[in-house]
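Peer 1: Given next are the chains, with one letter for each unit.
There are 2 protein chains.
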Amino acid sequence: MDASAKNPAVVLVSGGMDSAVVAAIAQERGFSVHALSVRYGQRHTSELDAADRVARALGAVEHKVVAVDLRNIGGSALTADIAVPEDGDGHVIGEGIPVTYVPARNTIMLSLALGWAEVIGSSDLFCGVNAVDYSGYPDCRPEFIEAFERLANVATKAGVEGTGFRVHAPLLHMSKAEIVREGLRLGVDFAQTVSCYQADAEGRACGHCDACRLRAEGFAAAGITDPTRYR
Amino acid sequence: MDASAKNPAVVLVSGGMDSAVVAAIAQERGFSVHALSVRYGQRHTSELDAADRVARALGAVEHKVVAVDLRNIGGSALTADIAVPEDGDGHVIGEGIPVTYVPARNTIMLSLALGWAEVIGSSDLFCGVNAVDYSGYPDCRPEFIEAFERLANVATKAGVEGTGFRVHAPLLHMSKAEIVREGLRLGVDFAQTVSCYQADAEGRACGHCDACRLRAEGFAAAGITDPTRYR
Chain A
1 MDASAKNPAV VLVSGGMDSA VVAAIAQERG FSVHALSVRY GQRHTSELDA ADRVARALGA
61 VEHKVVAVDL RNIGGSALTA DIAVPEDGDG HVIGEGIPVT YVPARNTIML SLALGWAEVI
121 GSSDLFCGVN AVDYSGYPDC RPEFIEAFER LANVATKAGV EGTGFRVHAP LLHMSKAEIV
181 REGLRLGVDF AQTVSCYQAD AEGRACGHCD ACRLRAEGFA AAGITDPTRY R
Chain B
1 MDASAKNPAV VLVSGGMDSA VVAAIAQERG FSVHALSVRY GQRHTSELDA ADRVARALGA
61 VEHKVVAVDL RNIGGSALTA DIAVPEDGDG HVIGEGIPVT YVPARNTIML SLALGWAEVI
121 GSSDLFCGVN AVDYSGYPDC RPEFIEAFER LANVATKAGV EGTGFRVHAP LLHMSKAEIV
181 REGLRLGVDF AQTVSCYQAD AEGRACGHCD ACRLRAEGFA AAGITDPTRY R
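Protein sequences, first through last, are from chains A and B. Every letter in the first sequence is one number past the one before it in the working numbering, and letter 121, counting from 1, is 121. Every letter in the second sequence is one number past the one before it in the working numbering, and letter 135, counting from 1, is 135.
It is worth saying that the hints were derived from the structure and are not from the lab. Be a bit skeptical, because a hint or two may be false.
For identical chains, the list gives no copy identity; a pair is met inside one copy or between any two copies.
Claimed, not checked - Simulated pairs of lysine to any residue, SDA-like, Cα-Cα distance not exceeding 20 Å:
| id | residue 1 | residue 2 |
| --- | --- | --- |
| 1 | K64 | R229 |
| 2 | K64 | G41 |
| 3 | K6 | E28 |
| 4 | K64 | H173 |
| 5 | K6 | I97 |
| 6 | K64 | G187 |
| 7 | K157 | I82 |
| 8 | K6 | Q27 |
| 9 | K157 | P227 |
| 10 | K157 | A131 |
| 11 | K6 | R166 |
| 12 | K64 | A80 |
| 13 | K6 | G88 |
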């Protein structure tokens, strides 16, 4: 079956490991993958380079990068001049919502995915939110995904006139170790991905932020050698 | 009471007449107005100039313009090279969803408003959606507003930890004539606003698109002289 005969899915691809696994899952489920990344003013653009590598490695139909100026809104360590928390500064992952939370980020990104899905005639959105080994973000919980799916079905022409939208979050209840194993099963090359909140221009990770720590713990728990490049 | 002592509200201000009335309503209800406009790739930017005039005339605390590249997504007469429907081409306002529908636009705009509201500590979003004399857009209906409010309360730090969000759509059940009268009661200077989908650089209206026709019908029905400048 060629890609054009498959149902299209819009997959949010950040360049990190989780969304790379999600894209591979979407493909395994028989969708043609239309990868969407959002240039929202993140600290570095090496994750967008990684997103492009992920989309190419997968054979995505296309990879679109949409710009939205969230730096203009600010309010996060990822979009304003606020330090990214690191190990050793006393904070505990999962206790409270950290300053790396970008206000309404997943709502904004899924909204953009929804708009593009309407344009290409897709009824399926995929995203990599995860409620287990996560950083305590409210928009990474099952109730968020359910509420967004309900919204999508009343907000859009496709939802009202068409077959409706499904929001797939296949990692929602998986641990980081399970995500690592699932990615390996699907042939995801994790060396291509960048998870770090403050990677350098070459995509090398700091090893100290929450994203690095969760990633490293996932590989360790899975008993897999971590291919992350550190600076 | 000075503005800083009032509760802040984020008001989506497009430059058109409806959102100008909404901003005045928010102010009358005792909120300090933080006006938000979205530069999404619309055909002309004279509506953003109008938004700035509206915000200044009202004495808004601030007016922020956030850019999001919806032209990159396309799919609408307002964001792609698709002709804007005009009177005389046989289409009927309210029959079906027209090509001026921008996929997921109100979802995207409210998402941005939600993000900014979190940053400034606001729990109240205002928007000018209207389900009576409207163009048949799915994201202008009461069920859309309800679904977005539900989403906002699970998606955000403020929704989870704080007092929750309210999405106000005070024009939802008003006719265009009622909106005109409400605006006059509140002192809105409609001459400052631009509703036309294809206004020129000076903000002069075409007089033929659905937005122009609905606006003109509203003034006529209200028995008020229409201050719209036509080209």
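Peer 1: Hints the structure violates: just list their numbers, smallest first.
Peer 2: The structure breaks hints 1, 4, 5, 6, 9 and 13; every other hint is satisfied.
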